[in-house]
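**Q** The chain contents come next:
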Amino acid sequence: MPPMSKSNQKKSAPAKKAAAKKTSNRKSPKKPTSGKKGPAKKSTAKKPVTSRRWWSWAFVGKLSLVLVLLGGVGLIWLDALVRQRFDTHQWQLPARVYSRPVELYAGRELDKAHLLRMLDLMRYRKDPGAKSPGSFSVSGDSILMFTRGFADSDGGEKSRLLRVNMDARGVRRLTDGAGKNIEVARLEPVQIGSIHPGHEEDRVLVRGKDIPPQLEKMLLAVEDRSFYEHHGVSVRGLMRAMLANVRAGGLQQGGSTLTQQLVKNFWLSRERTLSRKLVELPMALLLELHYSKEKIIEAYLNEVYLGQDGARAIHGMGLGAQYYFGRPLGELDAHQYALLVGLLKGPSYYDPRRHPARSKQRRDTVLLAAFDQKIITQAELKKYQSKPLDVVPQGSAALYAFPAFIDLVRRQLSRDYPANILSSEGLHIHSTLDVPAQLAAEAALANFLKSREGVNGAVVITSPNQGDVLAVVGDKVPRSAGFNRALDAIRPIGSLAKPAVVLAALQQAKKYTLATRVEDGPVEVLMEDGQRWVPQNYDGESHGAMPILDALSASRNQAIARLGLDVGLRSIIKTFHALGVQSEIPPYPSIFLGSLNLSPFETAVMYQTIATGGYRTPLRAITDVLDKDGLPLARYPVSPQAVIDEDLMYLLQWSLRQVVVQGTGKYAYNVLPKDLVVAGKTGTSDGYRDAWFAGFSGSHLAVVWMGRDDNSSTGLSGSSGPLPVWTEIMRSIPQRPLNLTPPPTVKMVWMDADGERASASGCPGARQYPMLDVSLPEQATACGKVQGAPKGMMKWLKGWFD
Amino acid sequence: MAERLVRLIAVLIFIAGCATRTAEAPAFDMPSADPLRDSPAEWLWQSGVQAREKNDLPAASRYFERALNVVPDSSWLYRELAELRLRQGDASAAEGLARKALRYAPNDPSYQSVLWQLVATSRQRQGDEEGAERARREAEMLWSRR
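Chains A and B are the protein sequences, given in the same order.
Under the working numbering, think of the first position of the first sequence as 1, with each following residue one higher.
Under the working numbering, think of the first position of the second sequence as 1001, with each following residue one higher.
Hints listed in this document are in silico derivations from the structure and should not be mistaken for laboratory results.
Do not take every clue at face value.
Here are the simulated lysine-lysine pairs, DSS-like style, with alpha carbons at most 27 Å apart [what the hints assert, rightly or not]:
hint	chain 1	residue 1	chain 2	residue 2
1	A	Lys374	A	Lys293
2	B	Lys1054	A	Lys158
3	A	Lys126	A	Lys112
4	A	Lys628	B	Lys1054
5	A	Lys628	A	Lys209
6	A	Lys666	A	Lys747
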């Protein structure tokens, strides 16, 4: 017999230990099994001893009757146990989180490199002709790929052949394998995480019909060659084991069939006791009596323990394939199946990552057994034995790549689902994570901060219209799962608060327009607690009277402070809340300049309302939840709420546009194409402790924060740190320009330098501002031909508006 | 052919949406200026309409949102989503979506009138009688200008 015949009997010690540990939670209900059996056996065994050679045939008869009765009752009880457990068995299946699938259609802006990066992340194999799911080939600008398909609320996608023809802009043409045009198709989403709180089993369930035949054959060749002949127990195997035990003078081998192993894993403790063996045998027979061989193999392959990943116990061949090879089980090759089968003998002893040589030797032995059983040919044996292990490095999968985003998903899920459902029901969670956007954000932040010791940062990217969170970076080191600064660094937002002050002012439309002049001069406020608030400008100077627009775009502290005091604290706090700030806002005027503390995520919520033009759209990290069979359970639909009039928001968007055109955000257009309309705001807190930039295009909003964990100075301002990172992010993701078409109630008006009277193009000091119809000036200057005209227009418009 | 279908569907939705009102059911097409027209998203939208006809509202919602990812400024898609949310009983979201549909609506009084009507219904369902009345007046004013 080849050495692997012992494999099932001689589970290595480390494997046992780990396996015992992971099943401890499940063992507790079984305790009564051994507890009940134990005493029953003991009492019957002890009686003859206590009665001391006092026996008669009558006694033996009675004893036999009692034993038969007991055995019968035990058998009935065991039968119920087997059936009840097997019928209702719920695999512990943690919820799996997937990224947003990549949509493909002709005209889609997409970088070829991005697409190839995605395929790499999804572990597509290069294969000329892309002959099976999960493979692709590239020739020039044409990418042929065989997708894997997936389930979704809208029915999902079938696995199929797609040809994507690309040009410099993106997808030029999308066809199927036969060259027929396809309107829209999606690549399957990448699994980016699983939700398993604490020490839990993780597995990917594989249904019987999806078990690769080669894997099954190899398993039987190594673990149980007579599986299809025996009825749960192999007498030959038992005899052989007994012989070995007698030779060794104790219990060394179990002689177990696959069925017995399953019984062991499912119902029994790991100790090798005789009583366990006595229960195992009838249970195995009962299992075979009630269930098909296919069902037993399916259960076995999903139950087996294949390794430990920190707190996560790797169970079942489906997850084993993902964990060791990064691919679905059905896409593996013979040498990879052999490795998985070989692991059963001792997952930690033969761990291919820690003990590659040992693991390869074991794999090759399995391959040899497969050849012996004519599962593979001699040529294949040679070919596969010469292959490397092909194991992916630990932690290289997308599964571990985005901890900050998964953190957000977990928090949003925990509002709607109890922990036990998340860790056991096998939910499929479709998230909003946009992998290319996430990678772009990580790279931009890491590059900028790599030489800045101690300064860290965070990025949140959303698509404003749908409220989708596309990316969350919580640390400058990608994949770092520690402090999630994007959600948990609650910091003063500095000048990012100023738009709220201006918006509150503009809401008093008859009093303030963007042209209204405010004084950028010294301010001093005596607070209730006796302290004085004396805001300074960053340059230490006061620039005198200026339009509100300039106060905002040049981020003048004194001018905005004076405006805020004039507008009133209460209405400004109200405006913050309308924009979506849920934290409590301290009623101090210092909030005008950003003494308000928010996380980057909450800041994104606030700027989201600005980016959408007055619609508060709850940020969602999840769009759909499906059950383990892919049937839709829940949707998280887009639900915007109109909170601020869109004409007011237009004025604000237009002003924030001026920040990047001529104000503190000017750097953006050093890099971005001029026709990409964007808007945004810089922010810096006292002493350069926090630096911010929040800005948006027509399709993306990104908030970038930088600071130190010990809250000391970074030496960076919003313009010198976050802005370049923001710009780099926006540059590397395909963007749509912000649509700045004014609503019907907004007019572009030439205003005199006094900010009060209308003027005309070409008049001295005249500037153009967007203005609400209700704010149109009553008077005009003497310059130009248009004198008096605005008044008439205004009257007419006013009448129409009221 | 496709246009006719669109018109028919639109009318049906309108009738369904305003079942409580006796208002006449104006026929309206997807505005010719809507970016959804002749875009790849049109297929997604049609798939959504089919799902809705089968009363599979979550699937319809997913399709419409996917389409919106392709053409974010489509008033027509926001209107579809607003109708859908109203049917699903989320009047507040329906109002927001209808308002967004208005934000991107082309200058077409009868189409805009329909959207204001949708805002009115959404507000009414939220118990905002006064707001509903304002929206209704807006709808009637636009209707008279068509």
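**Q** If a hint holds in the structure, say so; if it doesn't, say that too.
**A** Now for the hints, and whether the structure bears them out:
Proposed proximity of A:Lys374 and A:Lys293 is supported: the alpha carbons are some 21 Å apart, at most 27 Å. Taking the CA atoms of B:Lys1054 and A:Lys158, the gap is near 21 Å; set against the 27 Å cutoff, the hint holds. The suggested pairing of A:Lys126 with A:Lys112 holds, with an alpha-carbon distance near 16 Å, which does not exceed 27 Å. Only pairs whose Cα atoms come within 27 Å are accepted, and A:Lys628 paired with B:Lys1054 is accepted, the gap being roughly 24 Å.
Between A:Lys628 and A:Lys209, the direct Cα distance comes to roughly 16 Å. Compliance with the 27 Å bound is thereby established for this hinted pair. Taking the CA atoms of A:Lys666 and A:Lys747, the gap is about 25 Å. The hint holds against a cut of 27 Å.
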